[in-house]
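Place chain B on chain A using the hints.
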Amino acid sequence: MKNPADAEEVAQEAVLKAFSNLCRFRAESKFSTWLLQITYNEARMKIRKDRRHLYESIDGQSENENGDFWPTDYADWRPIPSELLEQKEVRKAIQDAINSLSPNHREVLVLRDLQHLSMKEITTILGISEASVKCRLQRARLVLRESLAPGLDGFWGRGEPYRKVRPW
Amino acid sequence: MAIVEISCVEVWREISNYVESDISAELRERMNAHFKTCAHCTAILNGTRNVIELVGDGRVFQLPEGFSTRLYQKLQKRP
Chain A
3 MKNPADAEEV
13 AQEAVLKAFS
23 NLCRFRAESK
33 FSTWLLQITY
43 NEARMKIRKD
53 RRHLYESIDG
63 QSENENGDFW
73 PTDYADWRPI
83 PSELLEQKEV
93 RKAIQDAINS
103 LSPNHREVLV
113 LRDLQHLSMK
123 EITTILGISE
133 ASVKCRLQRA
143 RLVLRESLAP
153 GLDGFWGRGE
163 PYRKVRPW
Chain B
34 MAIVEISCVE
44 VWREISNYVE
54 SDISAELRER
64 MNAHFKTCAH
74 CTAILNGTRN
84 VIELVGDGRV
94 FQLPEGFSTR
104 LYQKLQKRP
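The listed protein sequences derive, respectively, from chains A and B.
Positions 3 to 170 (this note's numbering) are the ones given, in order, by the first sequence.
Positions 34 to 112 (this note's numbering) are the ones given, in order, by the second sequence.
I should point out that these hints are in silico values taken from the structure, not numbers from a laboratory.
Please read these numbers as outputs of a predicted model, since none were measured by experiment.
Heads up, a few of these hints could be off.
[As the list claims (entries may be wrong)] Pairwise CB distance ranges, derived in the manner of DEER restraints:
1) N43(A) / L96(B): 14 to 24 angstroms
2) L60(B) / A7(A): 43 to 53 angstroms
3) A9(A) / A35(B): 49 to 59 angstroms
4) G89(B) / T74(A): 43 to 53 angstroms
[As the list claims (entries may be wrong)] Pairs of lysine-lysine residues, derived as DSS-like cross-links and limited to a Cα-Cα distance of at most 30 angstroms, are as follows:
5) K110(B) / K51(A)
6) K136(A) / K69(B)
7) K107(B) / K51(A)
8) K69(B) / K32(A)
9) K19(A) / K122(A)
10) K19(A) / K107(B)
11) K32(A) / K110(B)
12) K19(A) / K110(B)
13) K4(A) / K107(B)
14) K110(B) / K4(A)
15) K48(A) / K110(B)
16) K32(A) / K90(A)
17) K69(B) / K48(A)
[Said to hold, decoys possible] Sample of chain B residues with no beta-carbon within 12 angstroms of chain A, all distances over it, derived:
18) A35
19) V37
20) I39
21) A58
22) E59
23) E62
24) N65
25) A66
26) H67
27) K69
28) T70
29) V84
30) D90
31) R103
32) Q106
33) R111
In this text, a Cβ means the ideal position worked out from N, Cα and C, and glycines have one as well.
Isolated chain B, as found in the complex:
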């Protein structure tokens, strides 16, 4: 059976759910078919994946130096 085409706007609306694998098999198939022919949406998919990878890397946000010591001091001072 032929795959029902999907527009770029519909793809953008679902791209986050696509990355999360939180879409139906039918929608995934339609989006996969779209990515094969649409360089713009493929770029956005790759960029979205890059964003998730970058944000998720533990090195981006690290506790400031001395945080634990200061917290420990506050815990000791508490009534």
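Bound conformation, chain A alone:
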């Protein structure tokens, strides 16, 4: 969900739904996996309901999206001091970059790199194969690296002196 109000609504609806259906939890997976599965279903339903024209891009297997992604920016990053994440604009830059990913790629990245779930848990929640998860994760990480790389704005390529184009 790109809209914070929608995200909150979905998250809260998912918790309410889980609460009402606790008796259906069979402990075949971890409780958190079950709750995330409900949350993802809620999110998909909300997106379908609000924006039917996006139906295809949410569930469809776009060839382009699942094809290889090759980097075009080779700028190396300096190590990023952890304290920079205290800055609102740094967090905003990362959030915007994640939001710019396609839904398919965003969800695997969020589940793996943000929620730190195992491959098995992700395949259970999303109902896709491990190979698909790995493929989407590879692309999501490379796209994100490309959009956050310090040289992307072209200063390196134009031979101009490095300007601080990113907050780090």
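Structure of chain B alone, referenced to chain A:
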């Protein structure tokens, strides 16, 4: 035995699995040899690691203020 060279494209295809340590020992050795001589792929490896570290930091996405209170109110109102 000499290490079989690997191309940049093959490295990019496996870079995410490399970071996850989800590749064979033989492939890891080939990729390590490639990183020693290819600044572009090393930059992409470092950037990928940075991305994972940044995304994984709990400060990037935090619950909005009042989320728990609103959720608690909804739970109390449920039939």
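Verification of the supplied hints:
no., hint, verdict
1, N43(A) / L96(B): 14 to 24 angstroms, "holds (21 angstroms)"
2, L60(B) / A7(A): 43 to 53 angstroms, "holds (45 angstroms)"
3, A9(A) / A35(B): 49 to 59 angstroms, "holds (53 angstroms)"
4, G89(B) / T74(A): 43 to 53 angstroms, "violated (25 angstroms)"
5, K110(B) / K51(A), "holds (25 angstroms)"
6, K136(A) / K69(B), "holds (25 angstroms)"
7, K107(B) / K51(A), "holds (22 angstroms)"
8, K69(B) / K32(A), "violated (42 angstroms)"
9, K19(A) / K122(A), "holds (24 angstroms)"
10, K19(A) / K107(B), "holds (11 angstroms)"
11, K32(A) / K110(B), "holds (27 angstroms)"
12, K19(A) / K110(B), "holds (13 angstroms)"
13, K4(A) / K107(B), "holds (23 angstroms)"
14, K110(B) / K4(A), "holds (27 angstroms)"
15, K48(A) / K110(B), "holds (22 angstroms)"
16, K32(A) / K90(A), "violated (33 angstroms)"
17, K69(B) / K48(A), "violated (48 angstroms)"
18, A35, "holds (27 angstroms)"
19, V37, "holds (21 angstroms)"
20, I39, "holds (15 angstroms)"
21, A58, "holds (18 angstroms)"
22, E59, "holds (18 angstroms)"
23, E62, "holds (20 angstroms)"
24, N65, "holds (18 angstroms)"
25, A66, "holds (19 angstroms)"
26, H67, "holds (14 angstroms)"
27, K69, "holds (15 angstroms)"
28, T70, "holds (14 angstroms)"
29, V84, "violated (5 angstroms)"
30, D90, "violated (5 angstroms)"
31, R103, "violated (7 angstroms)"
32, Q106, "violated (10 angstroms)"
33, R111, "violated (6 angstroms)"
When each numbered hint is compared with the structure, violations occur for hints 4, 8, 16, 17, 29, 30, 31, 32 and 33.
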